[in-house]
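Number of protein chains: 2
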Amino acid sequence: MTARPANAHQARLLRLLRDAGPNSRAQLGDQVELSRSRLAVEVDRLLDTGLVVADGLAASRGGRRSHNVRLAPSLRFLGVDIGATSVDVAVTNAELEILGHIAQPMDVREGPVAIFEQVLAMAAKLRASGLAEGFDGAGIGVPGPVRFPEGVPVAPPIMPGWDGFPVREALSQELGCPVMVDNDVNLMAMGEQHAGVARQARDFLCVKIGTGIGCGIVVGGEVHRGTTGSAGDIGHIRVEQDGRQCACGNKGCLEAHFSGAALARDAEAAARDGRSAELAARLESAGRLTAADVAAAAAAGDATCLDLIREGGNRTGQVIASLVSFFNPGLVVIGGGVTGLGHTLLAALRTQVYRQSLPLATGNLPIVLGELGPTAGVTGGARLISDHLFSPA
Amino acid sequence: MTARPANAHQARLLRLLRDAGPNSRAQLGDQVELSRSRLAVEVDRLLDTGLVVADGLAASRGGRRSHNVRLAPSLRFLGVDIGATSVDVAVTNAELEILGHIAQPMDVREGPVAIFEQVLAMAAKLRASGLAEGFDGAGIGVPGPVRFPEGVPVAPPIMPGWDGFPVREALSQELGCPVMVDNDVNLMAMGEQHAGVARQARDFLCVKIGTGIGCGIVVGGEVHRGTTGSAGDIGHIRVEQDGRQCACGNKGCLEAHFSGAALARDAEAAARDGRSAELAARLESAGRLTAADVAAAAAAGDATCLDLIREGGNRTGQVIASLVSFFNPGLVVIGGGVTGLGHTLLAALRTQVYRQSLPLATGNLPIVLGELGPTAGVTGGARLISDHLFSPA
Chain W
60 MTARPANAHQ ARLLRLLRDA GPNSRAQLGD QVELSRSRLA VEVDRLLDTG LVVADGLAAS
120 RGGRRSHNVR LAPSLRFLGV DIGATSVDVA VTNAELEILG HIAQPMDVRE GPVAIFEQVL
180 AMAAKLRASG LAEGFDGAGI GVPGPVRFPE GVPVAPPIMP GWDGFPVREA LSQELGCPVM
240 VDNDVNLMAM GEQHAGVARQ ARDFLCVKIG TGIGCGIVVG GEVHRGTTGS AGDIGHIRVE
300 QDGRQCACGN KGCLEAHFSG AALARDAEAA ARDGRSAELA ARLESAGRLT AADVAAAAAA
360 GDATCLDLIR EGGNRTGQVI ASLVSFFNPG LVVIGGGVTG LGHTLLAALR TQVYRQSLPL
420 ATGNLPIVLG ELGPTAGVTG GARLISDHLF SPA
Chain G
60 MTARPANAHQ ARLLRLLRDA GPNSRAQLGD QVELSRSRLA VEVDRLLDTG LVVADGLAAS
120 RGGRRSHNVR LAPSLRFLGV DIGATSVDVA VTNAELEILG HIAQPMDVRE GPVAIFEQVL
180 AMAAKLRASG LAEGFDGAGI GVPGPVRFPE GVPVAPPIMP GWDGFPVREA LSQELGCPVM
240 VDNDVNLMAM GEQHAGVARQ ARDFLCVKIG TGIGCGIVVG GEVHRGTTGS AGDIGHIRVE
300 QDGRQCACGN KGCLEAHFSG AALARDAEAA ARDGRSAELA ARLESAGRLT AADVAAAAAA
360 GDATCLDLIR EGGNRTGQVI ASLVSFFNPG LVVIGGGVTG LGHTLLAALR TQVYRQSLPL
420 ATGNLPIVLG ELGPTAGVTG GARLISDHLF SPA
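Protein sequences appear in the order of chains W and G. Just add 59 to wherever you are in the first sequence, counting from 1, and you've got my numbering. Just add 59 to wherever you are in the second sequence, counting from 1, and you've got my numbering.
If you're looking for bench data, these hints aren't it; they were derived computationally from the structure. The hints are all genuine.
A pair counts as met if it fits within one copy or between any two copies, since identical chains are not told apart.
Heads up, simulated SDA-like pairs for lysine to any residue below, C-alpha to C-alpha not over 20 Å straight-line:
hint, residue 1, residue 2
1, Lys310, Glu299
2, Lys310, Pro418
3, Lys310, Pro219
4, Lys310, Thr410
5, Lys184, Cys236
6, Lys184, Leu234
7, Lys184, Gln163
8, Lys310, Arg374
9, Lys310, Ala323
10, Lys310, Pro216
11, Lys184, Ser145
Work out the full structure: start from the sequences and follow the hints.
Spelled out as structure tokens, the structure:
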């Protein structure tokens, strides 16, 4: 795909077809407030580019039947979600429906060269399976702050080897298509906005609790990235004076006290000092513990694990309560690996927010788990690159 | 003034003339990306409405000299800033320059009827002085959350008698002109954006520390009011577990520990229990203490007062540090009555933010005092109503 919309009207039409699927010319006209003749001109130009194709006659609305149009069925986007301990790669059509999805464990600290070798192999595998002849664009998420216009990670605490690596440029060259790069949490927010629990939301927060903790901020339907691309970096908000040492160099940061990594450390300590027989048995057999072990032990009624989850939920809930007072969102979405901790976690988060924030801010505020799980990030990646490609060149 | 711009182009032209003053047609054309003929049509229509008037010939740029246009010099806006303990009323021209300004002490708890009597008397005084024949619109700030579309205060903790009072409708009737109502902190942010320290900023925070504490949030040049109008309500973020009782019903809120009101209470306690001879003398002579007494005593070297300011600055700084991590602003402006505490306060705030937030978010982050002082709110009020009037009807 080399064509791009020539103006804002064409861009609007492309996004409408992406978000609502095939549409008749008449229906499109209802939504864009263009004169009938101007609409016809813009749709014809999009048909000329090949981005849009005719799709038969629409059902009659009385009078002459309108023609259907849709985005070219051959368009393919690649969504890549690089987490701290795993990578997800998916291929979508132009409506951002996932056609194929592969996930693999990996360690982001191996650095960009090793990780991208793996990502490219996964993309090749999806292509070889016949789902795509090539990719028209790719959207990549990484677990750290990104200088967005250039697509370069900046001083990411949990992925030090990536600082300044030209992700966008390098992958664009390897894949032979346009690439956009963003923080993984922003991708999750965009995914939940496109196809998940935030479909109707204009102003919402998406809190991702995985190895670290971050927050996607959506204002008026658009991701707010901040002045230097670090907006949403709530993992390093201080929750305890003279608290635990954090990887960022400070003490008492939220993610030093609660996150997938912190929970694994706490669980191993509880196993070793005899506070949980369940965790001790799991440590004995696996050699290490993760948040998933805590979730399983809690589900089996282990009191120590329930306490760990509640305490972490309380701390995180206090931070979210502050953000709710500050930002007054219409929705808070909780996502990431730690959502395996389920309703014990959610109950603790909700209790803190509903107790601490003013009633005016929480009166109609839903606090819910994300709907898409591991497909949120890759869907968000496809959305990111499609937003870019469906903008005037 | 009854005319409103007929379309987005005219609205854009009116705002350009407001923000940049008289302009030649040629210069306007450089900024709005309209064809020369379309620009001529839109400017002519604005001349027909009377909102814009001709203003002689522009300086030559080579070739035919262009005509100057400007906003009608007779336009008058009223800016009203209702604080907890004082009210400011000013009249501006269409470029939002202050032509006259009156301030009076008052207590917002007297309720809307008594306060508006005072406000209307102040407006009448400005009119009687010959500064305005009438008002073309008024922008009002109140110290609490506002349901913005209707202009109605909602559950405001420090002004309980105002809950649900139809401020916009009532004042619009009394003044005989369109009225917009907003939180006082948002007005301060708009004022500093229009004519103060935030003139170049697109994404910034404006923290007002007065009787209470609040924060104006500007995203992409626009005030973010949140889903129910309570965005920026940072005074009720919890800074201490089981801390002091707050007027909102919770414990440990920021403004229960540091604000003009909290500082006055702390100062009276220090005077009574012998920790500050300076404060004791002032309490003896005045019968009560305010933040201004703490500022004066600190300036005279009183160690207890310096400690009070530092401790409050540290607490507030920790909250601002969290917001900087979350929002990644390009600028933080500190305003409100407590800025009389000056550089001791600013140093404490800066220390916390620069120490706790990630370097990526603070690298180029200025934290500065507002420039406009008591005129920020009234300038913001005039800006608020002009934004409304200079929008397509």
